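Q: Here are the chains, one letter per residue:
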Amino acid sequence: MGYVLEGKSGNWEVVCGLEIHAQVISESKLFSGARAAYGGAPNSQVSFVDAGFPGMLPVINRECVAQAVRTGLGLAAQINLFSRFDRKNYFYADLPNGYQISQFAHPIVGTGTVEIELQDGTLKNIGITRLHLEQDAGKSMHEQHPGKSVIDLNRAGVALMEIVSEPDIRSPEEAGAYLRKIRQILRYLGTCDGNMEEGSMRADVNVSVRKPGEDFRTRCEIKNVNSVRFVMHAVEAEALRQIALWEAGEEVRQETRLYDQARGETRSMRSKEDAHDYRYFPDPDLLPLVLAEDDIAQWKSKLPELPDAKRRRFCAEYGISFYDAGVLTAEQAMADFYETVARGRDARLAASWVTGDFFAAMNRSGATLENPPVSAAHLGGLLDLISDATINGRIAKDVFEEMLESGKAADAIVATKGLRQVTDTSAIDAAVASVLALNADKVTEYKSGKDKLFGFFVGQVMKALAGKGNPALVNEAVKRLLG
Amino acid sequence: MSLTHLSIKDAAAALAARKISAVELTQAHNNAIAALNPRLNAYITTTPEPALAQAQAADARIAQGNAGPLTGIPLAIKDLFCTAGVRTTAASKMLDPFIPPYESTVTAQLLAAGAVFLGKANLDEFAMGSSNMSSAYGPVENPWKRAGSDAKLVPGGSSGGSAAALAARLCLGATGTDTGGSIRQPAAFTGTTGIKPTYGRCSRYGVVAFASSLDQAGPMARSVEDCAILLGAMAGFDAKDSTSAQRPVPDFQASLARGVRGLRIGIPAEYSVAGMSDEISRLWQKGIGWLREQGAEIIDVSLPHTHYGLPAYYIVASAEASSNLARYDGVRFGARVGGEDLIDMYERTRAAGFGAEVKRRIMIGTYVLSAGYYDAYYLRAQKVRNLILRDFTQVFDKVDALLTPSAPTAAFGFGEQMNDPITMYLNDVFTVPASLAGVPAMSVPAGLNAQGLPLGLQIIAKHFDEEMVFTVAAALERAAAFSHLPTVRAA
Amino acid sequence: MSLEPATVRRIAKLARIRVEDDEIAPLQTQLNAMLDYVAQLGGVDITGVEPLSGGAQMAMRLREDTMCDGAIAEQILANAPDRAGEFFAVPKVIE
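Going down the list, the sequences are from chains A, B and C. If you're matching positions, the first sequence starts at 1 in my numbering and goes up one per residue. If you're matching positions, the second sequence starts at 1 in my numbering and goes up one per residue. If you're matching positions, the third sequence starts at 1 in my numbering and goes up one per residue.
Keep in mind that a hint or two might mislead.
[Claimed, not checked] Cut-off 25 Å, straight-line C-alpha distance, at most; resulting in silico cross-link-like pairs (SDA-like, lysine to any residue):
no., chain 1, residue 1, chain 2, residue 2
1, C, LYS13, A, PHE322
2, A, LYS417, A, THR368
3, C, LYS92, B, GLY338
4, C, LYS13, B, GLY355
5, A, LYS223, A, TYR280
6, A, LYS139, C, ALA78
7, A, LYS302, C, MET67
8, B, LYS145, B, GLY339
9, A, LYS139, A, LYS310
10, C, LYS92, B, GLY339
11, B, LYS398, C, MET67
12, A, LYS139, C, ILE72
13, B, LYS19, B, SER7
14, A, LYS310, A, THR368
15, C, LYS92, A, LYS302
[What the hints assert, rightly or not] Just a sample of chain A residues kept apart from chain B, beta carbon distances all over 12 Å, derived:
no., residue
16, PHE53
17, ALA93
18, LYS148
19, ASP204
20, ASN226
21, LEU240
22, ASP283
23, GLY344
24, ALA347
25, ALA389
26, VAL458
These are computed hints drawn from the structure, not numbers from a lab. Treat the numbers as computed from the prediction; the structure is a model and nothing was measured. For each residue, glycine too, the CB sits at the ideal point set by N, CA and C.
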């Protein structure tokens, strides 16, 4: 049994589907030549087309189409050679034309699938219903001015991909995992930066509840949730609200709601209440979007390796665990970093260093992979010194710390600090003899059966060798000289 | 001959030969407008000073020997074309304060060709109408009068200001737009000539939209040749309009002298509608005779869905208009009426800013797109539209052009046909099918009715064959030798 | 089909046009006349006919992705009936 919520009347199951709005990475907007990137002074990234001036006309951006197709391919989805743009008519202050250009009847991408992984390692497929291209709206701000709402149209007309899932999600955890997975795929593809804080990715969350085995009950849509955590909270909060309603003998009304992150609850959205008749019809300013198989093949040939494939390849090629492979492929840049370190080296050792000391150093310094605390080449150099027995693992940790401090390469640090491993057996034997002589009482105890003292002798020898002794040779010498 | 009575062709020749100056020519028109526009109301906005400045520049250009085809030619611009720095109202209170910071592609091309803009011509509000009675700036008076009567007649619509200005000699040429007949019907009502080109021939960029899938800019003038000259400058591919056709612009003037010998001219049976006046029927027969005499083969054809053109048109055009006019919300430009909240502001702004006919069309368009009615109205109308297109496609396998009347009546009086909107809509019965199909069509004056009012004939050809339209229109024009003048006109 | 006064009000609301009570009846008459007129389309056999949505019979051209517009805030705002600094301003909205 999966995730259930206990009510007074028994167990409830959550049914959830997500509509993810992802801003397309492009230079210019979907239907105008104005800048698409986030930021900029108010209304400074707006053309007359974006502002819906009289006589202005949309002209579609080829790159936005390509990005939608790439995303569709990344979601293992059907690409529709024929699609079309419709107008979705409603009035709102930040919707300059009084309609949003969207794809209602004929989306550019059809059904697909995404695999998500849960905490316990379970894999699950979530169906994709469709992906369509549409325009983003501008931004209304209600708190900036005492008596007025003010509007910035910089975002108006930026291309959005709306990715609609099937109602296959059954828990807050699945909702979070799904959103993270979509974000990961889009970032790999370079079709959306996935920056939820800046609003370039946000989700409308459809939630209903039902008794196990029942058909779907009425759902509510929670608009514009802007983090993975809030999506998970919103699913749970909304499910609990609906359960309480059903159990009180009331009906759940189909409506649009907002997630109030301060209160951790959803509430009805007044401004959307009467906007239900969108009067979709084909936009007469645009023509059907007809794609050639050749274009699609060309875009497909240039797709990067996607996270699922990369993860499986890492397991096979580098012999690392599925879990580690997942961690290392979370981000394209991370995977690239790992591969640079691992290629031609002990890939498992590389994985343990990257996920261990390197990650710890990243977290401590707050650095990013664009500007890592230690370069992949330097980390690889350190692993080379371990592998060829120039230094031992213990010394390697110190060298790594020194690399973080100084930015120098491992071999330079080892050379200047004289950290080469001691492999000279006569030197090791001399150190062992000296330790045993200084600890005659403990030698006696050891010989009378206190085996645990073996480690003590090894430690003392390593200390005498300033940590640089070859661990295998030291072990062997201690054992031999203790007789 | 008076400067205001010149054809564009003759004016251009006189300018090129330095017999007249562009400043003289423009001043003559400015004077005529000052004298007659207060009565006719053909222009909403006049721009005499900028026009003179443009004329001076034109004279300089001519002196340098690099005149364009329209250098120094004074034109009226329908006030639906956005003109940079010059108020553009679409004859609506909604846009009363609107000064576009940009120029429409068509007017930009005319300016580049050297044209002088005299002002912004009156029209039905947002180009919705067939009489010019719906302008927020008052109706336009047709310069033509019924014999023995001083009653005010409408110039047709929506390009009624352009047509009246042409007829009264208040410009040498004009721009119009045609969504369901808005160039051809006023041309017919004023004894002038106008062509609706193929959909996609002229850019819609910067033209205030009424119904995007039907709107098409075109020239209006006093001769077929002048229309050909103007269209040559107005037409052409524009990357800023997704529906603009990527095709070369032919030499339209070259098609005028080709003659109709051997051409197959179709006479569609369905255009003999009940209630059509005998005068119109007789004129049509006369036109058929003229073409036959010049060697054309006359073929009876059928466009079986013609009858459904008007209802399909009113659904499609109103639906598109309801959406196109949603941007007039008092937020970014135009008029605003304050309200308690955003929705109240919208509702008050739009109630005050739009006139009765515009509101009716927005509401009917909203209704036919709304949930539960889309299939029965809008979708069905689109299918009928396809059948109408099919009618034309099939008939153009058999004939080179069609000849029909332009309008079912001559110009009517102020206040007539105003009782219910449907009667008014019937004005467009002959023009709407070509609009729905997107094919080029032109009205040429062919004679007068018994009351002395002009009547027009319409020539329709297949997509992007404006040359065929011009060839047939020129043949009709030669035969008709229409030289009558309206009662109200500049000297 | 015949429009009821309530439908006239609903359409006006959807179209965001304020309609006073005394305007409802005449509007209802006019809109019904238009609907009666277009009802004749019901007589056309449209079996198997595809809808024709646009005026042009071609596929859409795609524009190259270059930034070539915008950075004209003052022109964008110049016609605004109300503004607050670099923003358009409207009556306060409560979400």
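Q: Now tell me if each hint is right for this structure.
A: These are the hints, each one checked on the structure:
Restraint check for LYS13 (chain C) and PHE322 (chain A): the C-alpha separation of about 57 Å exceeds 25 Å, so the hint is violated. For the proposed pair LYS417 (chain A) and THR368 (chain A), the alpha carbon gap of about 29 Å is over 25 Å, so the pair is violated. Distance hint between LYS92 (chain C) and GLY338 (chain B) is fulfilled; the C-alpha atoms sit about 12 Å from each other, no more than 25 Å. A hinted pair counts as satisfied when its Cα atoms are at most 25 Å apart, and LYS13 (chain C) with GLY355 (chain B) qualifies at roughly 17 Å.
Proximity of LYS223 (chain A) to TYR280 (chain A) is assessed by CA-CA distance (about 20 Å); at most 25 Å being required, the pair is judged to hold. For the given pair, LYS139 (chain A) sits about 19 Å from ALA78 (chain C) by alpha-carbon distance, which is consistent with the 25 Å threshold. Straight-line distance between C-alpha atoms of LYS302 (chain A) and MET67 (chain C) comes to about 24 Å, which keeps the hinted pair within the 25 Å bound. Between LYS145 (chain B) and GLY339 (chain B) the CA atoms are separated by roughly 46 Å; this puts the pair beyond 25 Å, and the hint is violated.
Using a Cα cut-off of 25 Å, the hinted pair LYS139 (chain A) and LYS310 (chain A) is violated, with the two alpha carbons roughly 38 Å apart. A hinted pair counts as satisfied when its Cα atoms are at most 25 Å apart, and LYS92 (chain C) with GLY339 (chain B) qualifies at roughly 10 Å. Between LYS398 (chain B) and MET67 (chain C), the direct Cα distance comes to roughly 49 Å. Violation of the 25 Å bound is thereby established for this hinted pair. Among the hinted pairs, LYS139 (chain A) with ILE72 (chain C) is consistent with the structure: their alpha-carbon atoms are about 18 Å apart, no more than 25 Å.
Taking the CA atoms of LYS19 (chain B) and SER7 (chain B), the gap is near 15 Å; set against the 25 Å cutoff, the hint holds. Distance hint between LYS310 (chain A) and THR368 (chain A) is fulfilled; the C-alpha atoms sit about 21 Å from each other, no more than 25 Å. Using a Cα cut-off of 25 Å, the hinted pair LYS92 (chain C) and LYS302 (chain A) is violated, with the two alpha carbons roughly 48 Å apart. The Cβ of PHE53 (chain A) does not lie farther than 12 Å from every Cβ of chain B; its closest approach is about 7 Å, which violates its non-interface assignment.
With a cut of 12 Å on Cβ distances, ALA93 (chain A) falls inside the contact zone with chain B, its closest approach being about 6 Å. Annotated as non-interface, LYS148 (chain A) brings its C-beta within 12 Å of a C-beta of chain B; the closest such distance is 10 Å. No Cβ of chain B comes within 12 Å of the Cβ of ASP204 (chain A); the nearest lies about 20 Å off, and the non-interface call holds. Even its closest Cβ contact with chain B, about 23 Å, leaves ASN226 (chain A) beyond 12 Å, as expected for a residue assigned away from the interface.
Interface exclusion of LEU240 (chain A) from chain B stands, the closest Cβ pair being 32 Å apart, more than 12 Å. ASP283 (chain A), annotated as away from the interface, has a beta carbon of chain B within 12 Å; the closest lies near 8 Å. Under the 12 Å C-beta cut-off, the non-interface status given to GLY344 (chain A) relative to chain B holds; the minimum distance is some 51 Å. With 12 Å as the threshold on Cβ separation, the claim that ALA347 (chain A) sits away from chain B holds: the shortest Cβ distance comes to roughly 52 Å.
For ALA389 (chain A), the requirement that its beta carbon stay farther than 12 Å from each beta carbon of chain B is met, with the minimum near 67 Å. Distance check on VAL458 (chain A): its Cβ is at least 78 Å (rounded) from any Cβ of chain B, clearing the 12 Å threshold; non-interface status holds.
Hints 1, 2, 8, 9, 11, 15, 16, 17, 18, 22 from the list above are not met by this structure, while the remaining hints are.
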